[in-house]
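Chains as they are written, first to last, in our numbering: chain A, 1 to 272; chain B, 1 to 244.
For the record, the hints were derived by calculation from the structure and aren't laboratory data.
Errors might be hidden in some of the hints.
As the list claims (entries may be wrong) - Derived, one-sided and incomplete: chain B residues facing chain A with beta-carbon distance under 7 Å:
1) Glu110
2) Val216
3) Lys237
4) Gly240
C-beta atoms are modelled at their ideal positions from N, C-alpha and C, and glycine is treated no differently.
The residues making up each chain are set out below.
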Amino acid sequence: MTSVGVLDELKKLQILELLEQGKRVDGRALDEPRELVVETNAIPKANGSARVRLGDSEVICGVKIQPDRPFPDMGDKGIFICTAELLPLSDPSVETGPPGPDVIELARVVDRGIRESHMIDLSQLVIEKDKSVVGVFADNVVVDYDGNLFDACAYAATAAILSSKTPKWELKNDVPTIVEGKESEVPVTTIPVSVTMGKIGRHIIVDPNADEWVCMDARITITTDSDGNICALQKGGSDGFSFDEVIKCGEISVKVGSKIREKLKQAKAGNQ
Amino acid sequence: MGGRESELVLLDENGIRCDGRKVDEPRRIMIKAGGLKNADGSAYIEFGDNKILVGVFGPRDVHPKHMSNTDTGILRVRYHMEPFSVTERKNPAPSRREIEISKVIKEALEPAVMLDKFPRTAVDVFIEVLQADGGTRCAALSAASVALADAGIPMRDLVAACAAGKVADTVVLDVNNEEDQAGQADMPIGYMPNLEKITLLQLDGVLTPEEYKKCVETGINGCKIVYDLQKKALHDKYFGNGGD
Numbered sequence: 001m002t003s004v005g006v007l008d009e010l011k012k013l014q015i016l017e018l019l020e021q022g023k024r025v026d027g028r029a030l031d032e033p034r035e036l037v038v039e040t041n042a043i044p045k046a047n048g049s050a051r052v053r054l055g056d057s058e059v060i061c062g063v064k065i066q067p068d069r070p071f072p073d074m075g076d077k078g079i080f081i082c083t084a085e086l087l088p089l090s091d092p093s094v095e096t097g098p099p100g101p102d103v104i105e106l107a108r109v110v111d112r113g114i115r116e117s118h119m120i121d122l123s124q125l126v127i128e129k130d131k132s133v134v135g136v137f138a139d140n141v142v143v144d145y146d147g148n149l150f151d152a153c154a155y156a157a158t159a160a161i162l163s164s165k166t167p168k169w170e171l172k173n174d175v176p177t178i179v180e181g182k183e184s185e186v187p188v189t190t191i192p193v194s195v196t197m198g199k200i201g202r203h204i205i206v207d208p209n210a211d212e213w214v215c216m217d218a219r220i221t222i223t224t225d226s227d228g229n230i231c232a233l234q235k236g237g238s239d240g241f242s243f244d245e246v247i248k249c250g251e252i253s254v255k256v257g258s259k260i261r262e263k264l265k266q267a268k269a270g271n272q
Numbered sequence: 001m002g003g004r005e006s007e008l009v010l011l012d013e014n015g016i017r018c019d020g021r022k023v024d025e026p027r028r029i030m031i032k033a034g035g036l037k038n039a040d041g042s043a044y045i046e047f048g049d050n051k052i053l054v055g056v057f058g059p060r061d062v063h064p065k066h067m068s069n070t071d072t073g074i075l076r077v078r079y080h081m082e083p084f085s086v087t088e089r090k091n092p093a094p095s096r097r098e099i100e101i102s103k104v105i106k107e108a109l110e111p112a113v114m115l116d117k118f119p120r121t122a123v124d125v126f127i128e129v130l131q132a133d134g135g136t137r138c139a140a141l142s143a144a145s146v147a148l149a150d151a152g153i154p155m156r157d158l159v160a161a162c163a164a165g166k167v168a169d170t171v172v173l174d175v176n177n178e179e180d181q182a183g184q185a186d187m188p189i190g191y192m193p194n195l196e197k198i199t200l201l202q203l204d205g206v207l208t209p210e211e212y213k214k215c216v217e218t219g220i221n222g223c224k225i226v227y228d229l230q231k232k233a234l235h236d237k238y239f240g241n242g243g244d
């Protein structure tokens with residue numbers, strides 16, 4: 001995924017040449033993400049799910065909701081955990097076995113974007129304080145790779161959470177028991193949208209595809225919420241950004257993010 | 001960063017923070033270049049109650065060999081916390097958090113080091129957090145830059161690092177552990193002051209676009225304070241009386 005061969009060097013030259021003319025390899029504008037296709041409830045056995053295609057990157061996210069013990073110092077809050085995994089069928093370079101630093105970073109950045117936006121109101125997911133709470137687990141699996149998994153996984157997880165239905169539990173003899181007929185939506189306060197931008201030379205491009213991804217000098221992922229606030233950020237890659245670039249990327253993420261947010265809302269509405 | 005409620009007064013009516021600092025004041029910082037005998041370069045930093053030791057080896061042969069690159073040297077960074085560095089004993093095995101921090105520190109240092117001069121070699125940076133108190137990645141990155149310079153690795157600039165954040169609805173410099181737990185946002189920044197380039201940037205917590213800009217500005221000012229202390233540490237070792 002990150003190895004740079006002779007072919008990539010040649011691609012980089014071509015990509016840079018095009019960028020100098022304000023163009024991209026696949027004809028997009030610099031601040032234009034690829035087409036996003038969201039299908040919710042792809043996995044009916046999960047409490048919520050989504051199958052997302054961002055260009056040719058494809059991610060399936062399933063949400064499982066189940067009772068759990070609260071974290072020791074967080075007895076009045078439910079649990080939210082988001083993971084991401086690259087399946088070996090997604091790209092010839094992916095190997096089975098424990099995840100490498102790239103995949104660990106991917107999972108943590110996707111989790112952080114949703115967590116820090118306070119998308120899910122965890123205070124509403126308490127069965128009994130300090131004893132039993134509801135856990136929301138959003139697990140992403142990448143099934144096809146074409147760059148920018150940060151956003152593909154974040155959109156899949158967000159769409160899957162929006163489509164989720166949670167059972168209601170109460171404690172009977174200290175055992176959480178489902179109360180029949182009391183399913184409800186997961187309490188959502190805002191819709192976080194991450195926008196990943198690559199820096200190639202002096203150009204900033206939104207949603208890099210696989211070819212652009214290998215020849216980026218640096219990247220930045222910024223998550224914004226429904227109010228247009230910035231709630232999480234991660235810089236990566238072997239180069240830096242100037243102050244002006246960092247501010248500009250913030251503005252792009254708010255602008256591009258608001259369009260994608262509408263798309264995620266539609267996907268949820270279309271599902272009902 | 002949960003914005004947990006607590007009894008702690010994070011910012012009083014005079015604009016003084018829970019540890020007595022002003023909003024734009026960093027914690028006490030002490031940086032020492034050198035100190036380790038076997039490492040090719042080393043540094044020790046105390047950043048508030050953080051105590052971090054960094055050792056650098058290389059450029060040297062790459063093991064395993066397949067990692068080596070014929071075009072350039074490679075940089076490898078391990079950020080590691082001692083089990084006794086935090087309140088509750090930490091499992092000594094590398095956590096996912098430590099693996100991520102190792103990666104972001106590596107990518108923050110790469111723009112500074114001129115590894116293309118040493119193809120097929122590796123420069124290894126070992127960061128050991130002896131005591132942690134919030135903001136370890138910034139302190140570690142600042143010390144790692146000094147250790148690389150101490151090892152004589154050619155560099156374009158030192159990377160200085162400091163966090164900014166939002167506490168009690170106010171943008172402040174250098175968030176400490178209590179403020180991190182109870183505050184609203186934390187933004188670690190790594191910056192090369194001479195090249196005016198941000199090489200480490202992370203954020204968790206909600207900021208308006210105006211606060212976001214203020215936070216980056218505040219953090220960069222903190223980096224400039226750290227930068228002077230980094231240069232002083234190197235100066236003291238090589239031109240002052242502190243040499244060994």
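Cross-check of the supplied hints:
1. Glu110: holds, 4 Å
2. Val216: Since the shortest Cβ distance to chain A is 6 Å, the answer is holds.
3. Lys237: violated, 27 Å
4. Gly240: At 30 Å from the nearest chain A Cβ, B:Gly240 fails the 7 Å test, so the hint is violated.
Hint violations for this structure: numbers 3, 4, all remaining hints satisfied.
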